[in-house]
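A.B. asks: Sequence:
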Amino acid sequence: MMLRPIITALIICIPLVGQDLPEPPRPPESPQVPELRDYGGKYQGVVVHRLDVEPKATLHMKALRGDIILMGTDVQRIVIEEKITVKTKYEEKAQEIIERVQGKLSPPSASGEAYVFEVGKVGDRNVSFGYKVRVPRTFNVIIHSYGGDVDMSDLQGDLEAKTGGGDIALSNSAGRVKVHTGGGDIDVFKVEGQVDLFTGGGDIEGRTVEGKINASTGGGDIDFWTSKGNFTINTGGGDINLRSLEGTSVEARTGGGDIEVADVTARINLMTGGGDIYAENITGDIEAASSGGDLSLERIHGDAVLFSAAGDIGIRRITGAVRAKSGSGDIEIHEMSLEEPGKEESTLATTTGDVYVNYYSKKPVDITAKIFGYSPRYAMDRIHGNVDFTYKKDNGNTVATYSTDKPFHRIIIETTTGEIKIMKGER
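Residues in the sequence shown are numbered consecutively from 121, following my numbering.
Hints were generated in silico from the structure; no laboratory data involved.
Note that beta-carbon positions come from the ideal geometry of N, C-alpha and C, so glycine has one too.
Any given hint might turn out to be false.
To be verified - What follows is a list of derived Cβ distance ranges for each label pair:
| id | residue 1 | residue 2 | range |
| --- | --- | --- | --- |
| 1 | 523 | 346 | 45 to 51 Å |
| 2 | 507 | 429 | 28 to 34 Å |
| 3 | 207 | 291 | 29 to 35 Å |
| 4 | 209 | 273 | 44 to 50 Å |
| 5 | 483 | 309 | 43 to 49 Å |
As the list claims (entries may be wrong) - In silico lysine to aspartate or glutamate, EDC-like type, Cα no more than 20 Å apart, as pairs:
| id | residue 1 | residue 2 |
| --- | --- | --- |
| 6 | 298 | 271 |
| 7 | 512 | 546 |
| 8 | 207 | 271 |
| 9 | 310 | 400 |
| 10 | 348 | 366 |
| 11 | 541 | 455 |
| 12 | 182 | 238 |
| 13 | 162 | 194 |
| 14 | 310 | 271 |
| 15 | 490 | 501 |
| 16 | 463 | 423 |
| 17 | 224 | 238 |
| 18 | 182 | 278 |
| 19 | 252 | 269 |
| 20 | 482 | 455 |
| 21 | 541 | 508 |
| 22 | 348 | 271 |
| 23 | 182 | 280 |
| 24 | 310 | 194 |
| 25 | 252 | 400 |
| 26 | 203 | 216 |
| 27 | 544 | 400 |
| 28 | 445 | 423 |
| 29 | 252 | 238 |
| 30 | 310 | 278 |
| 31 | 483 | 464 |
| 32 | 544 | 414 |
| 33 | 282 | 238 |
| 34 | 490 | 534 |
| 35 | 207 | 194 |
| 36 | 176 | 233 |
| 37 | 526 | 501 |
| 38 | 332 | 371 |
| 39 | 463 | 486 |
Could you build the full structure based on these sequences and the hints that come with them?
C.D. replies: Following this line, the structure appears as structure tokens:
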């Protein structure tokens with residue numbers, strides 16, 4: 121009768137066979153107090169933080185100061201080399217400051233869902249920092265820095281980096297990317313994914329970028345080469361240069377700079393507050409507008425919608441319909457091919473400028489040219505070409521028409537004080 125309670129107690133004390141108990145997160149290795157190097161009036165030490173981790177997790181680096189180098193590796197370990205420099209003549213004081221301000225690396229159990237590296241309050245301008253960080257390449261990384269450059273490479277997880285004013289560079293990476301700098305430059309190379317880039321006033325440069333790209337700067341230049349995807353480009357006043365792009369859409373806007381686009385296969389929308397626009401070898405429809413600059417296009421395989429408040433509009437070789445309007449500039453179209461299916465009508469209008477059109481088509485094309493304020497007697501010298509126009513008066517204006525049977529396309533031209541010249545070319 122006394123055996124039963126004893127047996128029950130024994131059963132309660134013995135763990136169930138085969139039950140997996142959760143292992144607590146492995147604590148980081150305690151950083152060793154570094155040996156200090158004397159650089160004459162300042163001392164420098166490197167504190168090394170190490171922690172073995174799982175291959176897919178998040179590292180959040182908070183309140184950093186100084187330059188940061190971040191690299192992805194195939195080793196399942198976080199290694200942070202924290203270089204601290206103290207401006208002082210006394211080694212003991214430098215040692216005390218370094219031990220007090222050095223960062224702390226915490227595992228998820230102590231900081232939520234992410235590994236956290238955080239630097240405490242420094243409160244001393246005589247202390248500067250620099251970081252060299254290695255993480256598993258599949259890690260997600262979040263970096264928040266008060267200032268300094270950020271250089272990142274060989275990463276495949278999601279990435280967010282924000283610095284108060286330094287440059288940001290990213291290369292050989294894939295994943296969701298979001299970078300922000302208060303005023304430095306941004307450079308991305310061989311990056312794939314959703315890419316959001318912002319700088320308060322620096323330049324942005326991208327090469328071999330693929331995905332959905334959003335790039336914005338308060339006033340710097342933006343350049344992209346040899347890239348694929350959908351592009352949304354904005355600058356407050358700098359120039360935009362886009363070359364060898366392929367995708368669905370390209371939108372580029374600048375408050376007053378020039379825009380150059382070449383060798384692009386996509387639907388394009390360009391706008392500048394006052395600069396010039398140049399586009400060459402475009403496959404896809406294009407829209408372009410400038411508040412005062414010139415528009416120059418060459419080798420366009422698609423329809424074009426163009427506007428300039430005061431500049432000239434010029435096109436050399438286009439396959440597609442054209443809608444162009446200028447407030448006071450000239451409109452010139454050389455080698456306009458109208459033999460492929462597209463919009464049924466082209467309209468060209470300018471207030472004071474001249475209009476010249478040289479078109480090619482084996483199919484019938486109707487032309488209507490209107491000049492305001494001139495009678496047919498005087499307008500014949502202002503509306504001319506190698507087609508047989510019929511002139512008539514229309515409320516004090518003159519309309520010249522060239523009609524065909526069952527037209528494939530229509531060209532409508534208007535000007536107030538300029539001249540109109542239409543030439544039908546032969547192939």
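A.B. asks: Each of the hints needs a verdict: does it hold here or not?
C.D. replies: Status of the hints after comparison with the structure:
| no. | hint | result |
| --- | --- | --- |
| 1 | 523 / 346: 45 to 51 Å | 48 Å, holds |
| 2 | 507 / 429: 28 to 34 Å | 31 Å, holds |
| 3 | 207 / 291: 29 to 35 Å | 33 Å, holds |
| 4 | 209 / 273: 44 to 50 Å | 38 Å, violated |
| 5 | 483 / 309: 43 to 49 Å | 47 Å, holds |
| 6 | 298 / 271 | 14 Å, holds |
| 7 | 512 / 546 | 28 Å, violated |
| 8 | 207 / 271 | 25 Å, violated |
| 9 | 310 / 400 | 25 Å, violated |
| 10 | 348 / 366 | 5 Å, holds |
| 11 | 541 / 455 | 14 Å, holds |
| 12 | 182 / 238 | 5 Å, holds |
| 13 | 162 / 194 | 36 Å, violated |
| 14 | 310 / 271 | 14 Å, holds |
| 15 | 490 / 501 | 13 Å, holds |
| 16 | 463 / 423 | 8 Å, holds |
| 17 | 224 / 238 | 6 Å, holds |
| 18 | 182 / 278 | 17 Å, holds |
| 19 | 252 / 269 | 12 Å, holds |
| 20 | 482 / 455 | 13 Å, holds |
| 21 | 541 / 508 | 12 Å, holds |
| 22 | 348 / 271 | 23 Å, violated |
| 23 | 182 / 280 | 12 Å, holds |
| 24 | 310 / 194 | 19 Å, holds |
| 25 | 252 / 400 | 43 Å, violated |
| 26 | 203 / 216 | 15 Å, holds |
| 27 | 544 / 400 | 24 Å, violated |
| 28 | 445 / 423 | 14 Å, holds |
| 29 | 252 / 238 | 14 Å, holds |
| 30 | 310 / 278 | 15 Å, holds |
| 31 | 483 / 464 | 12 Å, holds |
| 32 | 544 / 414 | 25 Å, violated |
| 33 | 282 / 238 | 15 Å, holds |
| 34 | 490 / 534 | 5 Å, holds |
| 35 | 207 / 194 | 37 Å, violated |
| 36 | 176 / 233 | 12 Å, holds |
| 37 | 526 / 501 | 29 Å, violated |
| 38 | 332 / 371 | 12 Å, holds |
| 39 | 463 / 486 | 14 Å, holds |
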